Amino acid sequence: MNDGHDEFLDAVESGDGYYLECENGHGSLPPRMVCPHCGDRDLTETALPETGTIDSYTVVHVPTPAFADEAPYVTAVADFGPVRLTGRVLADADAVEIGDEVSASVGGADESRSVVFEPR
Amino acid sequence: MTDPRVAGVGLTHFGSHPARTSRDLFAEAGLAALDDAGVDPADVEGVFYGNFMGEIAEHQGHQGPLMAEAIGVDAPATRYESACASSGAALRQAVQNVRNGEADVLVVGGAERMTNLDTAETTEALAIAADDLYEVRAGLTFPGAYALMAAAYFDEHGGSREDLAEIAVKNHANAVGNEHAQFQREITVEDALDAPMVANPLGLYDACPITDGASAAVLVSESYAAEHDLDAGVAVTGTGQGGDKMALHDREALARTPAASDAADEAFADAGISTGDVDVAEVHDCFTIAEVLALEGMGFFDEGEGISAAADGVTTRDGDLPVNLSGGLKAKGHPVGATGVSQLAELTSILRGDHHNSEHVSDARVGVAHNAGGTVASATVHVLEVQE
Numbered sequence: 001m002n003d004g005h006d007e008f009l010d011a012v013e014s015g016d017g018y019y020l021e022c023e024n025g026h027g028s029l030p031p032r033m034v035c036p037h038c039g040d041r042d043l044t045e046t047a048l049p050e051t052g053t054i055d056s057y058t059v060v061h062v063p064t065p066a067f068a069d070e071a072p073y074v075t076a077v078a079d080f081g082p083v084r085l086t087g088r089v090l091a092d093a094d095a096v097e098i099g100d101e102v103s104a105s106v107g108g109a110d111e112s113r114s115v116v117f118e119p120r
Numbered sequence: 121m122t123d124p125r126v127a128g129v130g131l132t133h134f135g136s137h138p139a140r141t142s143r144d145l146f147a148e149a150g151l152a153a154l155d156d157a158g159v160d161p162a163d164v165e166g167v168f169y170g171n172f173m174g175e176i177a178e179h180q181g182h183q184g185p186l187m188a189e190a191i192g193v194d195a196p197a198t199r200y201e202s203a204c205a206s207s208g209a210a211l212r213q214a215v216q217n218v219r220n221g222e223a224d225v226l227v228v229g230g231a232e233r234m235t236n237l238d239t240a241e242t243t244e245a246l247a248i249a250a251d252d253l254y255e256v257r258a259g260l261t262f263p264g265a266y267a268l269m270a271a272a273y274f275d276e277h278g279g280s281r282e283d284l285a286e287i288a289v290k291n292h293a294n295a296v297g298n299e300h301a302q303f304q305r306e307i308t309v310e311d312a313l314d315a316p317m318v319a320n321p322l323g324l325y326d327a328c329p330i331t332d333g334a335s336a337a338v339l340v341s342e343s344y345a346a347e348h349d350l351d352a353g354v355a356v357t358g359t360g361q362g363g364d365k366m367a368l369h370d371r372e373a374l375a376r377t378p379a380a381s382d383a384a385d386e387a388f389a390d391a392g393i394s395t396g397d398v399d400v401a402e403v404h405d406c407f408t409i410a411e412v413l414a415l416e417g418m419g420f421f422d423e424g425e426g427i428s429a430a431a432d433g434v435t436t437r438d439g440d441l442p443v444n445l446s447g448g449l450k451a452k453g454h455p456v457g458a459t460g461v462s463q464l465a466e467l468t469s470i471l472r473g474d475h476h477n478s479e480h481v482s483d484a485r486v487g488v489a490h491n492a493g494g495t496v497a498s499a500t501v502h503v504l505e506v507q508e
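Chains A and B, in that order, give the protein sequences.
The C-terminal residue of the first sequence carries number 120 in our numbering, and the numbering is unbroken.
The C-terminal residue of the second sequence carries number 508 in our numbering, and the numbering is unbroken.
Keep in mind that the hints were calculated from the coordinates and are not lab data.
If you're wondering where the values come from, they're calculated on a predicted model, not measured in any experiment.
Please note that a few of the clues may not be correct.
[Unchecked claim] Stretch by stretch, here's where chain B covers chain A in the computed footprint (C-beta under 8 Å, at least three residues): (1) 14 to 25; (2) 40 to 49; (3) 89 to 97.
[Said to hold, decoys possible] Some residues of chain A that are not near chain B, with every Cβ distance over 12 Å (derived): (4) Ala-11; (5) Glu-101; (6) Ser-103; (7) Gly-107; (8) Arg-113.
Heads up, the beta-carbon is just placed ideally off N, CA and C, and yes, glycines get one too.
The whole structure should be built from the sequences, with the hints applied where relevant.
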């Protein structure tokens, strides 16, 4: 169990994803008590935009043991406005480009649950 | 306040020594440094030691006192952990302790045992230098994280795999003749481009190897050096450290390393130098793109200009700013916790004139070492200068 992170993944999985927004409009991911960009302590859960844009991606050929059966796979950083997410892209490597639009979902089970991106 | 002198340095061979414990490796490097310095171990007042993955690699925590014991030193000893910048961070603390008068003689160094794990296990151990919840669980490996930075760099500034290959070629060429280096052989651009992919756009030859090894140095105050008539003409005249968000996705930009910029600004101001004064640099090229980001971050090149520095001959050993004359992490090897102080050892040797590449920089007086942790969520920069 990882308080904060698990609830975040549950919310993304059910289509109600959120991020933490401070009074100055900075975004970050839970668990946090302080905005990492400005130190503001007043953080509110704000709806995650439905669509993100791939900022950068890589095709991982040499994985950790947890992903031994997945390689090669694509992991990307995608921009969802005030916050960015890192996740695996559920698409073939040659079908992914910087600037592609994706939506966020959740893949894996138990300890391996993580953000995944579905092309739109 | 006096700048500490580097009285002696020691390195093991960097490479594959799967049966050697880190205590054994550090003993070799530490004793070599003490012998090089001509300092009595009984005079050592502290050991500042860097290590990253000791618990995973050999089920050994609390390595500070173990390492002091290994070199016959009976003094307080502390392990510093800052991922791949572990011994850079240890060095900074040692420099500050000599400067503030708390100690006259310190041993600083680091060690890492890595090749006793298989590649997947090492990949996992290194990955925890990234954010476990949000990056590692999303399948991001350490090469994968630098690949994201490389892809973002290409997208923003241009550049190609050929440009990165030129950096690998340069650093391999520099390692030829370095008895401590893991790879003492040249490669070609074609070799690099034809190698298997690790994480696009980075191939096998864009990545540093998995390495066992240790490094050490003896730092002394000016007064101790004078009293004991030590041959210690190189001083650490500047130290700086920078920090950044842990996860790449929380950074302002993926293709910049502001932690290195902050560390360099602080270290250069501390030493009273500017980039133009620097004769030679050792930078943290765990991946070829990392060398580019380091040189741009420290202000040697504008953003987007560092990618072609090796191809243009600026950073080759006969260029205006020779970079990684040791072979760098790329060819010399990267025993994670040992790397920061190994850069200090190489630069000291270059500035003393007893380095295998000294002939290429015979008038060098100012050297800079850049050591980065993780995807540069931490960074240290140190300035070394010839005194006298």
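Tested hints:
1. 14 to 25: n = 0 at 8 Å, threshold three: violated.
2. 40 to 49: Answer violated; 0 residues pass the 8 Å Cβ test.
3. 89 to 97: violated (count 1)
4. Ala-11: Given a closest Cβ separation of 15 Å, the condition holds.
5. Glu-101: 16 Å, holds
6. Ser-103: 15 Å, holds
7. Gly-107: A/Gly-107 not clear of chain B: closest Cβ-Cβ about 9 Å, inside 12 Å.
8. Arg-113: Contrary to the label, A/Arg-113 does not stay out of reach of chain B, its closest Cβ about 7 Å off (not over 12 Å).
Checked against the numbered hints listed earlier, the structure breaks hints 1, 2, 3, 7 and 8; every other hint is satisfied.
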